[in-house]
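Kindly produce the complete structure, drawing on both the sequences and the hints.
Residue numbers for the sequence shown follow our numbering, beginning at 1 and rising by one.
Honestly, the hints are just simulated from the structure, not real lab data. Every residue gets a Cβ at the ideal spot worked out from N, C-alpha and C, and that includes glycine. Check each hint, because a few of them may be wrong.
Label-pair ranges, simulated between beta-carbon atoms [claimed, not checked]:
#1 134 / 22: 36 to 46 angstroms
#2 146 / 23: 10 to 20 angstroms
#3 122 / 5: 34 to 44 angstroms
#4 45 / 86: 28 to 38 angstroms
#5 124 / 8: 29 to 39 angstroms
#6 140 / 68: 17 to 27 angstroms
#7 91 / 48: 25 to 35 angstroms
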Amino acid sequence: DNMRLNDLSNVKAEKLAVGKTNGSVNFLANSHSRATSRMADHGDAEVIAVKVVSLDSYVSIHQFEQISFMKVDVEGFESLVFQGAEELLTRNKVRAIFFEVCPDATRAAGFNPADAATILLGYGYSLHRITHDGGLKAVDIEEAENEVVTNWVALAPPHQPTAQFVPHAK
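This is the structure in structure tokens:
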């Protein structure tokens with residue numbers, strides 16, 4: 001509906017999950033809280049089976065050469081997405097990654113709050129937060145533990161931001 005209402009012809013919606021490997025997963029599709037849908041736990045209601053694809057596979061199938069900007073918000077499972085993007089990250093094919101840092105969701109998913117950021121640092125990405133004036137400020141990985149819910153920006157080498165991000169007014 002959103003794509004139709006906004007007359008978006010350059011967007012393709014797919015019923016896929018992105019993860020470490022290709023396969024399928026049971027997914028909680030809570031009709032009352034769609035913003036926090038996630039992989040299902042045993043005993044969850046409203047569970048559907050969803051095809052999972054690694055980012056490396058998806059990019060290979062669609063023959064993308066470069067990704068300028070990627071948003072990753074998967075309710076604590078960000079590290080699985082990055083684990084499935086080894087080729088992309090090794091070759092710095094993703095220039096900027098905007099990803100959620102939420103220690104509570106990450107721990108509930110079974111990961112350490114710094115895991116996703118650690119993966120990105122291992123591929124040479126630098127970590128930043130967006131400041132109130134739209135600039136970027138470097139963050140230390142240790143800060144992940146003390147966040148509540150925020151987003152960080154990972155930049156591929158070289159670590160020179162070329163543009164300022166200007167957030168939309170609410």
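Outcome of the hint check:
{"no.": "1", "hint": "134 / 22: 36 to 46 angstroms", "verdict": "38 angstroms, holds"}
{"no.": "2", "hint": "146 / 23: 10 to 20 angstroms", "verdict": "34 angstroms, violated"}
{"no.": "3", "hint": "122 / 5: 34 to 44 angstroms", "verdict": "41 angstroms, holds"}
{"no.": "4", "hint": "45 / 86: 28 to 38 angstroms", "verdict": "35 angstroms, holds"}
{"no.": "5", "hint": "124 / 8: 29 to 39 angstroms", "verdict": "34 angstroms, holds"}
{"no.": "6", "hint": "140 / 68: 17 to 27 angstroms", "verdict": "26 angstroms, holds"}
{"no.": "7", "hint": "91 / 48: 25 to 35 angstroms", "verdict": "34 angstroms, holds"}
Going down the numbered hints, you'll see the structure goes against just number 2.
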